[in-house]
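Undergrad: Please put together the full structure from these sequences, using the hints given.
As a plain string of letters, each chain reads:
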Amino acid sequence: MKKKIDSIGFMSSLFAIIVGLLVGFVILLVSNPADAGAGFVTILTGPLTHGSKGVGQVFYYATPIILTGLSVGFAFKTGLFNIGASGQFIVGAFAAVVVGIKGEAFGSAQWVVALLAAVLAGAVWGAIPGLVKAYFNVNEVIACIMTNYIGMYLVNYLVSTNKDLYDKIHNYSKSVANTANIPKMGLDKVFEGSSVNGGFFIAVITAVVIFILLEKTTFGYELKAAGFNKDASKYAGMNEKRNIILSMAIAGALSGMAGALLYLAGSGKHIEIVDSLAAEGFTGISVALLGLSNPIGVLLAGIFIAYITAGGFYLQLLNFSTEIIDIIIAVIIYFSAFSLFVRVFITQLKKRREEKQEGGKK
Amino acid sequence: MDYIIEMLDITKEFPGIIANDHITLQIKKGEIHALLGENGAGKSTLMSVLFGLYQPEGGCIKVRGKEVKINNPLDANALGIGMVHQHFKLVHNFTVLQNIVLGNEDTKHGLLEMKAAREKVMALSERYHLAVDPDAQIQDITVGMQQRVEILKMLYRDNDILIFDEPTAVLTPQEIDELMNIMKELVSEGKSIIFITHKLNEIKAVADRCSVLRRGKYIGTVDVAETDKQALSEMMVGHKVNLTVDKEAAKPGEVVLSVEGLTVKDKKQGHTKDIIKNVSFEVREGEIVCIAGIDGNGQTELVEAVTGMIHADEGSIRVKGEDVTKKSIRYRNTHGMSHIPEDRHKHGLVLDYSLEENLVLQDYFEKRFQNHGFIRRDAVNAYANELIEKFDIRSGQGAVTKARSMSGGNQQKAIIARELSKNPKILVAVQPTRGLDVGAIEFIHSQIVKERDAGAGVLLVSLELDEVMNLSDRILVIYEGEIVADLDPKETTVQELGLYMAGSKKQEGR
Numbered sequence: 001m002k003k004k005i006d007s008i009g010f011m012s013s014l015f016a017i018i019v020g021l022l023v024g025f026v027i028l029l030v031s032n033p034a035d036a037g038a039g040f041v042t043i044l045t046g047p048l049t050h051g052s053k054g055v056g057q058v059f060y061y062a063t064p065i066i067l068t069g070l071s072v073g074f075a076f077k078t079g080l081f082n083i084g085a086s087g088q089f090i091v092g093a094f095a096a097v098v099v100g101i102k103g104e105a106f107g108s109a110q111w112v113v114a115l116l117a118a119v120l121a122g123a124v125w126g127a128i129p130g131l132v133k134a135y136f137n138v139n140e141v142i143a144c145i146m147t148n149y150i151g152m153y154l155v156n157y158l159v160s161t162n163k164d165l166y167d168k169i170h171n172y173s174k175s176v177a178n179t180a181n182i183p184k185m186g187l188d189k190v191f192e193g194s195s196v197n198g199g200f201f202i203a204v205i206t207a208v209v210i211f212i213l214l215e216k217t218t219f220g221y222e223l224k225a226a227g228f229n230k231d232a233s234k235y236a237g238m239n240e241k242r243n244i245i246l247s248m249a250i251a252g253a254l255s256g257m258a259g260a261l262l263y264l265a266g267s268g269k270h271i272e273i274v275d276s277l278a279a280e281g282f283t284g285i286s287v288a289l290l291g292l293s294n295p296i297g298v299l300l301a302g303i304f305i306a307y308i309t310a311g312g313f314y315l316q317l318l319n320f321s322t323e324i325i326d327i328i329i330a331v332i333i334y335f336s337a338f339s340l341f342v343r344v345f346i347t348q349l350k351k352r353r354e355e356k357q358e359g360g361k362k
Numbered sequence: 363m364d365y366i367i368e369m370l371d372i373t374k375e376f377p378g379i380i381a382n383d384h385i386t387l388q389i390k391k392g393e394i395h396a397l398l399g400e401n402g403a404g405k406s407t408l409m410s411v412l413f414g415l416y417q418p419e420g421g422c423i424k425v426r427g428k429e430v431k432i433n434n435p436l437d438a439n440a441l442g443i444g445m446v447h448q449h450f451k452l453v454h455n456f457t458v459l460q461n462i463v464l465g466n467e468d469t470k471h472g473l474l475e476m477k478a479a480r481e482k483v484m485a486l487s488e489r490y491h492l493a494v495d496p497d498a499q500i501q502d503i504t505v506g507m508q509q510r511v512e513i514l515k516m517l518y519r520d521n522d523i524l525i526f527d528e529p530t531a532v533l534t535p536q537e538i539d540e541l542m543n544i545m546k547e548l549v550s551e552g553k554s555i556i557f558i559t560h561k562l563n564e565i566k567a568v569a570d571r572c573s574v575l576r577r578g579k580y581i582g583t584v585d586v587a588e589t590d591k592q593a594l595s596e597m598m599v600g601h602k603v604n605l606t607v608d609k610e611a612a613k614p615g616e617v618v619l620s621v622e623g624l625t626v627k628d629k630k631q632g633h634t635k636d637i638i639k640n641v642s643f644e645v646r647e648g649e650i651v652c653i654a655g656i657d658g659n660g661q662t663e664l665v666e667a668v669t670g671m672i673h674a675d676e677g678s679i680r681v682k683g684e685d686v687t688k689k690s691i692r693y694r695n696t697h698g699m700s701h702i703p704e705d706r707h708k709h710g711l712v713l714d715y716s717l718e719e720n721l722v723l724q725d726y727f728e729k730r731f732q733n734h735g736f737i738r739r740d741a742v743n744a745y746a747n748e749l750i751e752k753f754d755i756r757s758g759q760g761a762v763t764k765a766r767s768m769s770g771g772n773q774q775k776a777i778i779a780r781e782l783s784k785n786p787k788i789l790v791a792v793q794p795t796r797g798l799d800v801g802a803i804e805f806i807h808s809q810i811v812k813e814r815d816a817g818a819g820v821l822l823v824s825l826e827l828d829e830v831m832n833l834s835d836r837i838l839v840i841y842e843g844e845i846v847a848d849l850d851p852k853e854t855t856v857q858e859l860g861l862y863m864a865g866s867k868k869q870e871g872r
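Those protein sequence lines, which keep their order, are chains A and B. Just so you know, our numbering puts 349 at position 349 of the first sequence, and the rest follows in order with no gaps. When you read off a place in the second sequence, starting at 1, and then add 362, the result is the number in our numbering.
Careful, some of the hints might be misleading.
What the hints assert, rightly or not - With a straight-line Cα cutoff of 25 Å, these simulated DSS-like cross-link-like pairs (lysine-lysine) come out:
#, chain 1, residue 1, chain 2, residue 2
1, B, K451, B, K708
2, A, K230, B, K688
3, B, K688, A, K234
4, B, K752, B, K764
5, B, K689, A, K234
6, B, K852, A, K234
7, B, K708, A, K230
8, A, K216, B, K784
9, B, K561, B, K852
10, A, K224, B, K729
11, A, K230, B, K627
12, A, K234, B, K812
13, A, K241, B, K561
14, A, K174, A, K184
15, B, K764, A, K350
16, B, K812, B, K613
17, A, K230, B, K764
18, A, K234, B, K708
Calculated directly from the structure, the hints in this document are not laboratory data.
TA: Here it is in structure tokens:
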């Protein structure tokens with residue numbers, strides 16, 4: 001029974017992807033009919049046409065959005081909407097960069113310390129909306145939006161006013177020490193020339209850990225019970241306040257980890273002092289929706305979105321703009337939000353087919 | 363023969379279950395035809411087929427002798443079939459009149475034209491003695507009145523085949539009597555009524571004929587006047603049932619629950635009234651104490667304060683002498699208190715969890731079900747199967763069935779199984795048989811009595827007078843947040859109880 005539902009969920013996400021790609025194709029046709037076919041092929045196969053480097057880049061792009069996707073998806077499962085992934089992401093990134101620049105004393109363990117600092121900072125930032133929801137009944141969406149902006153401006157302020165962190169010429173944070181970069185863990189040999197690193201492994205392991213946490217532990221059982229039915233979880237004597245706070249803190253920790261993995265990737269990323277929220281946080285919402293909040297689904301959805309995003313870069317070779325990829329992703333998300341509708345549609349389709357087959361037998 | 367509706371050989375299947383298995387239902391013009399069956403017997407499915415919500419796999423429907431195809435409720439409406447659903451479908455901040463015309467409005471130059479509608483509604487209301495105020499808002503009128511609005515909706519659309527889906531579940535005894543009169547009046551004016559219920563008293567009171575379904579199958583149609591309740595219930599359940607509760611006299615022991623000076627204030631802004639006013643009572647081992655009263659007199663808050671769902675503003679609650687007033691819900695759950703909640707969907711179950719997950723909702727953290735924080739699925743499953751067997755909980759796929767897909771009776775059985783398996787010292791049961799059929803009620807009553815005989819104290823809250831009189835050893839009547847009487851059910855009558863419940867009588871010294 002459980003498998004059946006999951007397969008329908010998978011089908012509905014697949015359906016959303018196909019519709020999204022078709023809409024993308026229509027846009028390609030409208031903007032440049034002559035190259036539309038080639039453009040479409042580029043979206044689908046772009047990352048594969050540049051050898052192992054292209055594939056490596058996909059995993060590199062996927063790493064942070066898998067984690068922000070997990071962050072949003074985990075909160076969803078426990079009945080909370082974590083729209084604050086963006087702020088938790090940048091606060092985590094900041095903590096990682098600070099340790100990455102100043103913590104050379106940690107030697108070869110510097111990257112581990114930086115990563116843990118980011119997880120902790122993200123957790124604290126995520127716990128704030130949890131706290132105000134638990135104790136003052138403030139809707140977490142509103143609190144999250146506010147912590148997004150507070151996080152962004154706070155990090156901008158802290159970076160730009162600190163001589164040790166700030167690179168005045170480029171208006172971004174200084175580079176982290178080499179020992180703070182995540183080790184490649186052999187991925188540089190498999191995917192030569194790409195930026196992929198051990199962070200991808202960390203993301204995959206984290207997805208598995210979250211899966212186990214949700215499905216196998218008493219803690220996950222409690223959190224999901226609260227997500228499905230808050231009143232029943234209260235009736236059963238579960239501590240709802242504690243659960244809300246912990247749930248948001250874990251979601252924040254995941255986003256914070258995403259920030260560390262991106263800025264410690266050794267790919268020349270710096271925290272730029274600009275007044276815009278980190279896009280990775282919002283992509284996380286898309287990834288969670290497409291992956292139906294299931295940790296393993298989120299893992300696959302993150303890789304997929306990274307894949308077509310990478311394909312979108314190659315579109316520029318044909319004089320298309322990369323925004324088409326954003327539109328495709330938006331359409332995919334739009335349709336995966338219809339997943340319920342699509343589910344009903346698919347079940348009906350299946351039933352009709354079964355009926356037909358039965359009729360044929362008679 | 364003059365049948366207004368014939369449903370012949372209707373078959374409707376759902377995955378894994380045949381909800382209607384070749385069912386035939388024939389309604390004569392101008393009769394009240396009861397449709398009797400346990401929960402999950404297929405009554406609602408059959409009516410949904412008639413109302414066009416489901417398409418049957420087999421069989422045909424004839425209305426006034428002509429075979430018809432009903433694709434949706436609009437088709438049903440056009441054929442004169444109307445339905446009062448169990449859960450009313452009304453817009454709360456609209457007036458009665460607006461609700462009645464909704465979906466069927468007259469317009470003039472694109473503007474609403476209510477005058478004719480008002481006249482028609484008033485005429486209908488007068489003719490059937492419904493006494494509704496067309497300008498009152500739905501949220502301000504009683505549930506009984508809301509039901510009359512639903513009836514008026516059908517009449518306004520000139521329906522003459524009226525389906526009532528368990529209409530008495532939400533009504534007070536007085537309102538039930540009034541509804542019965544309205545139904546009789548409707549029939550005398552030439553309407554035909556299908557009355558879905560599992561309450562035998564009501565069938566005896568109004569119905570002319572009764573068709574019985576059991577587990578999706580058609581059992582038979584009988585003339586109500588010639589059939590007694592015992593026979594009807596046997597047809598419904600399939601075996602002999604005990605309509606009165608079998609129990610020996612209570613042997614009260616030590617006090618297990620003592621409530622002293624309990625006061626609960628209204629938390630809503632602008633309200634200063636106390637919902638529970640200085641209430642004190644005791645429940646002893648081996649007795650069933652029933653809180654009787656009309657809905658909304660503080661029963662819910664009293665139970666919530668006792669079980670820890672809300673905080674008591676004043677007073678104390680002791681279980682076996684231990685003060686638990688400030689203790690958490692979990693503490694009370696694990697220290698001898700069991701709670702069968704009023705609303706099984708809101709509080710009792712996590713509907714998206716499986717049956718086995720629901721059966722350990724309060725014990726999942728115990729050593730036997732977990733190992734270093736990891737749930738021991740095999741232990742949970744084995745425990746669930748044990749309870750499923752012991753309490754005869756029926757479901758599609760056993761322990762892994764989603765609670766949502768189980769019938770109401772079996773959902774309630776699951777809650778009872780979970781709560782009684784804790785061997786409580788004090789069992790708080792709130793309307794434990796609400797919306798259940800005779801078979802399930804009998805089972806649940808016998809389980810509660812068994813628990814009492816095993817030495818537990820039982821605090822029962824019930825709105826059903828039959829249940830209050832039959833099951834309890836002592837009755838406390840609650841009126842506007844105060845206990846106004848402490849009665850022995852053997853020495854009191856329903857009429858006397860009614861006077862206390864309505865607030866027109868109060869015991870001295872209270």
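Undergrad: Is the hinted pair K234 of chain A and K812 of chain B satisfied, with a Cα-Cα distance of at most 25 Å?
TA: violated, 28 Å
Undergrad: Need the status of pair K764 of chain B, K350 of chain A: alpha-carbon distance at most 25 Å?
TA: At roughly 21 Å apart (the allowed maximum being 25 Å), K350 of chain A and K764 of chain B satisfy the hint.
Undergrad: Starting from K561 of chain B, check that the Cα of K852 of chain B is at most 25 Å away, please.
TA: holds, 24 Å
Undergrad: Is the straight-line distance between the alpha-carbon of K241 of chain A and that of K561 of chain B 25 Å or less?
TA: Violated, at about 43 Å.
Undergrad: Holds or violated: K688 of chain B and K234 of chain A, Cα atoms, limit 25 Å.
TA: Cα-Cα ~16 Å, so holds.
Undergrad: Would you mind confirming whether the straight-line C-alpha gap from K216 of chain A to K784 of chain B stays at or under 25 Å?
TA: holds, 24 Å
Undergrad: CA of K812 of chain B to CA of K613 of chain B, is that 25 Å or under?
TA: Within the cut-off at roughly 13 Å; holds.
Undergrad: For K174 of chain A and K184 of chain A, compute the direct alpha-carbon distance and say whether it is at most 25 Å.
TA: holds, 21 Å
Undergrad: Between K224 of chain A and K729 of chain B, is the straight-line Cα distance small enough, at 25 Å or below?
TA: holds, 20 Å
Undergrad: K752 of chain B and K764 of chain B: Cα distance at most 25 Å?
TA: holds, 19 Å
Undergrad: Is it true that the CA of K451 of chain B sits at most 25 Å from the CA of K708 of chain B?
TA: Satisfied, since the Cα-Cα distance of roughly 20 Å is no more than 25 Å.
Undergrad: Starting from K230 of chain A, check that the Cα of K688 of chain B is at most 25 Å away, please.
TA: holds, 22 Å
Hints 6, 12, 13, counting from the list given before, are not met by this structure.
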